[in-house]
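**Student:** Per the numbering used here, the very first residue in the sequence shown carries number 1; after that it's consecutive.
Mixed in with the good hints, there may be bad ones.
Calculated pairs, EDC-like style, for lysine to aspartate or glutamate (alpha carbon to alpha carbon, straight line, at most 16 Å) [stated by the list, open to error]:
{"id": "1", "residue 1": "Lys174", "residue 2": "Glu154"}
{"id": "2", "residue 1": "Lys174", "residue 2": "Glu157"}
{"id": "3", "residue 1": "Lys27", "residue 2": "Glu43"}
{"id": "4", "residue 1": "Lys27", "residue 2": "Glu46"}
I should point out that these hints are in silico values taken from the structure, not numbers from a laboratory.
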Amino acid sequence: MTETNVENEKAQNGAPLSQTAGFSLWKCGQSDADWPLGVRSYEAFEQFRSEYETAHEFGYGGVYGIAGAHTLKGFIVVNIVPEHLLPAGVSAAEIGTYLLPNYRGMGWNLRAKALSLAICFEGYQVDWCLFAVPVSNGRARRAFAKLPWAFEEEAAESGRFSAFTRRKTFETQKECVVYSIHRSALESRESGGALNPNGN
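I would like the entire structure built from these sequences, with the hints used as guidance.
**Tutor:** Below is the structure:
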């Protein structure tokens, strides 16, 4: 697979995904089995990207590039979770990350998750970050367990975010587990450099 070179598109880490950069990512990733099923055509992906561009402008979500050395490695999707799915007084963002196959198993998952936490805790100022993963996706669950931040794992039956977990199970038609990270876990790791999105 050819690297997605977007040097002329200013592929800053964590920047909202531009149309041209999005097209480059789509070309490299759309045939991947893990590419989001609903956006396999370029038209669908561009509509997806454009809608999240609007979401970013209004402060309720966005799609952001994961980049290094002027090369896009993948993207992050952020959605602010509606209040009715959360306990009273709690704010949270749902996060999804996608890495191109060339960059899996090379430490980019940690960098992607660190970047996504920084975007949500620093940019959106939420209390919690939530990652919904199908119970059947053993690879993703094992990868999450290797991350350095303290997290809680919740099923749909009970827990702080059970309403959100049930909603994700309904939306995906797959039993989901939700991993939640509080901003205090992030703060406790900062002194050790574990939240550096650039991995250095």
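**Student:** For each hint, tell me whether it holds in the structure or not.
**Tutor:** Consistency of the hints with the structure:
no., hint, verdict
1, Lys174 / Glu154, "15 Å, holds"
2, Lys174 / Glu157, "14 Å, holds"
3, Lys27 / Glu43, "12 Å, holds"
4, Lys27 / Glu46, "12 Å, holds"
In this structure, none of the earlier numbered hints is contradicted; all agree with it.
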